[in-house]
Amino acid sequence: MDFSHLPVLAAEVVQGLKLKPGGVYVDCTLGGGGHSELILEGSGPDGRLVALDQDPEAILAAGKRLISYKPRVILVRSNFSRLVEVLDDLGILTVDGVLFDLGTSSYQLDNPARGFSYQHDAPLDMRMDPEREITAGMLVNHMTVEELTETIRKYGEERWASRIAEFIGEERKRRSIETTGALVEVIKKAVPAGARREGPHPAKRTFQALRIAVNGELEILKAAVKSAVHVLKPGGRVCVITFHSLEDRIIKDLFRELASPCTCPRDFPVCVCGRKKALQIVTTKPVLPSEEELAVNPRARSAKLRIGEKV
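In our numbering, the protein residues as written are 1 to 311.
Just so you know, the hints here were simulated from the structure itself, not pulled from any lab data.
Since the structure is predicted, the reported quantities are computational estimates derived from the model, not experimental observations.
Just to be clear, a hint being listed does not mean it is correct.
What the hints assert, rightly or not - Cut-off 25 angstroms, straight-line C-alpha distance, at most; resulting in silico cross-link-like pairs (SDA-like, lysine to any residue):
id	residue 1	residue 2
1	285	256
2	188	157
3	222	252
4	154	199
5	189	120
6	64	10
7	233	24
Claimed, not checked - Listed next, with one range per pair, are the computed distances between beta-carbon atoms:
id	residue 1	residue 2	range
8	199	46	45 to 53 angstroms
9	249	188	25 to 33 angstroms
10	277	249	15 to 23 angstroms
11	274	157	33 to 41 angstroms
12	282	249	16 to 24 angstroms
13	264	46	43 to 51 angstroms
14	91	249	31 to 39 angstroms
15	270	88	30 to 38 angstroms
We put the beta carbon where it would ideally sit given N, CA and C, even for glycine.
Assemble the whole structure, with the sequences as input and the hints as a guide.
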């Protein structure tokens with residue numbers, strides 16, 4: 001398969017980052033390189049880009065896509081939780097803009113071998129970094145029913161979490177659940193028929209929950225975005241694209257936190273919290289895809305872009 005990347009909210013990201021010639025930017029989620037290419041174009045002729053991804057297939061594919069920009073782009077195989085460490089290793093202290101495009105790439109969803117999709121029968125994997133030890137199959141087969149319930153409810157916001165976990169537990173007594181297809185069958189049995197006829201695919205939220213748990217996505221998100229704000233120059237921008245309510249809520253609350261000055265009670269004579277405003281919120285409401293974009297890329301439907309500027 002080709003590791004293609006149709007960048008979501010492309011024009012909005014370019015505008016949001018306030019790209020300029022000679023600027024230094026970071027794409028924390030390289031994927032197929034679509035956003036990275038736009039950043040390099042918009043910061044030409046001498047702008048620089050550091051692009052991170054933990055998926056070796058993304059690094060390989062994007063390296064080919066961005067070959068003409070080679071003198072100005074550095075590709076690093078790393079999780080964005082190591083952002084500051086990566087920049088330190090490169091001798092970069094501050095940057096003009098940072099982009100996070102969260103979630104799963106189209107390649108990862110469409111490649112059956114990666115086990116992300118409930119549309120393809122494949123081994124239950126879901127690792128963005130193939131060197132991680134824990135797979136979705138391990139979680140499904142070795143978590144207790146109570147742990148599965150909590151995981152599916154917390155990360156998938158699935159109303160039928162306990163019922164799905166119970167059905168998984170019963171199925172495991174008969175056989176190990178090793179493939180996405182086998183898991184989908186169990187979920188369909190667990191979700192009542194009436195609920196299956198409405199809304200998204202009945203397995204969507206459970207698969208989302210397992211993917212988040214396998215890759216530790218939410219645990220690292222807040223600290224990573226804080227690190228990005230820390231390395232921004234004054235006036236630099238951080239852009240974050242989310243694809244589900246859990247991510248968006250974390251970013252929304254974090255932006256508010258970083259945009260808040262001293263939180264001491266008004267009657268305190270001096271500040272004791274030591275908190276200073278670090279961020280100006282540019283987007284009071286998230287930027288959503290246009291109808292024109294959705295007609296070309298339906299997968300962008302749940303995308304939300306929030307932008308903050310370093311003060």
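Okay, the hints, checked on the actual structure:
1. 285 with 256: This hinted pair holds, its Cα atoms lying about 12 angstroms apart.
2. 188 with 157: Holds, because 17 angstroms separates the two Cα atoms, which is no more than 25 angstroms.
3. 222 with 252: At roughly 11 angstroms apart (the allowed maximum being 25 angstroms), residue 252 and residue 222 satisfy the hint.
4. 154 with 199: It holds: about 19 angstroms lies between the C-alpha atoms, which stays within 25 angstroms.
5. 189 with 120: holds, 18 angstroms
6. 64 with 10: holds, 20 angstroms
7. 233 with 24: holds, 10 angstroms
8. 199 with 46: 45 to 53 angstroms: At 49 angstroms between Cβs, range holds.
9. 249 with 188: 25 to 33 angstroms: The hinted range 25 to 33 angstroms holds for residue 249 and residue 188, with Cβ atoms some 29 angstroms apart.
10. 277 with 249: 15 to 23 angstroms: Because 21 angstroms falls inside the window, the suggested range holds.
11. 274 with 157: 33 to 41 angstroms: Holds, since residue 274 and residue 157 (Cβ atoms, about 35 angstroms apart) stay within the stated range.
12. 282 with 249: 16 to 24 angstroms: holds, 18 angstroms
13. 264 with 46: 43 to 51 angstroms: Holds, at about 45 angstroms.
14. 91 with 249: 31 to 39 angstroms: holds, 36 angstroms
15. 270 with 88: 30 to 38 angstroms: holds, 35 angstroms
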